[in-house]
Amino acid sequence: MSPILIESIQAIIVDLPTIRPHKLAMHTMQKQTLVIIRMRCSDG
Numbered sequence: 443m444s445p446i447l448i449e450s451i452q453a454i455i456v457d458l459p460t461i462r463p464h465k466l467a468m469h470t471m472q473k474q475t476l477v478i479i480r481m482r483c484s485d486g
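According to the working numbering, the sequence shown is numbered sequentially starting from 443.
Any given hint might turn out to be false.
To be verified - What follows is a list of derived Cβ distance ranges for each label pair:
#: 1; residue 1: 459; residue 2: 483; range: 28 to 34 Å
#: 2; residue 1: 472; residue 2: 448; range: 32 to 38 Å
#: 3; residue 1: 446; residue 2: 467; range: 43 to 49 Å
#: 4; residue 1: 457; residue 2: 481; range: 20 to 26 Å
#: 5; residue 1: 464; residue 2: 484; range: 41 to 47 Å
#: 6; residue 1: 475; residue 2: 443; range: 36 to 42 Å
#: 7; residue 1: 464; residue 2: 486; range: 36 to 42 Å
#: 8; residue 1: 464; residue 2: 443; range: 24 to 30 Å
#: 9; residue 1: 449; residue 2: 474; range: 29 to 35 Å
#: 10; residue 1: 475; residue 2: 451; range: 17 to 23 Å
#: 11; residue 1: 443; residue 2: 474; range: 39 to 45 Å
#: 12; residue 1: 479; residue 2: 444; range: 20 to 26 Å
Treat the hints as calculated values from the structure; they're not laboratory data.
C-beta atoms are modelled at their ideal positions from N, C-alpha and C, and glycine is treated no differently.
Let the sequences and hints guide you as you build the complete structure.
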């Protein structure tokens with residue numbers, strides 16, 4: 443049985459709007475930034 447290997451890793455940055463603005467002391471946040479990681483292995 444051969445070991446499972448990582449063939450590729452991809453990072454995708456996504457800006458999602460928030461339901462309502464979040465007010466901070468110096469800034470109002472209208473969106474939230476998320477990072478989605480996609481990893482492909484040798485076994486599919």
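In rising order, the numbers of the hints this structure does not comply with: Hint 8 is the one this structure does not satisfy, whereas the remaining hints hold.
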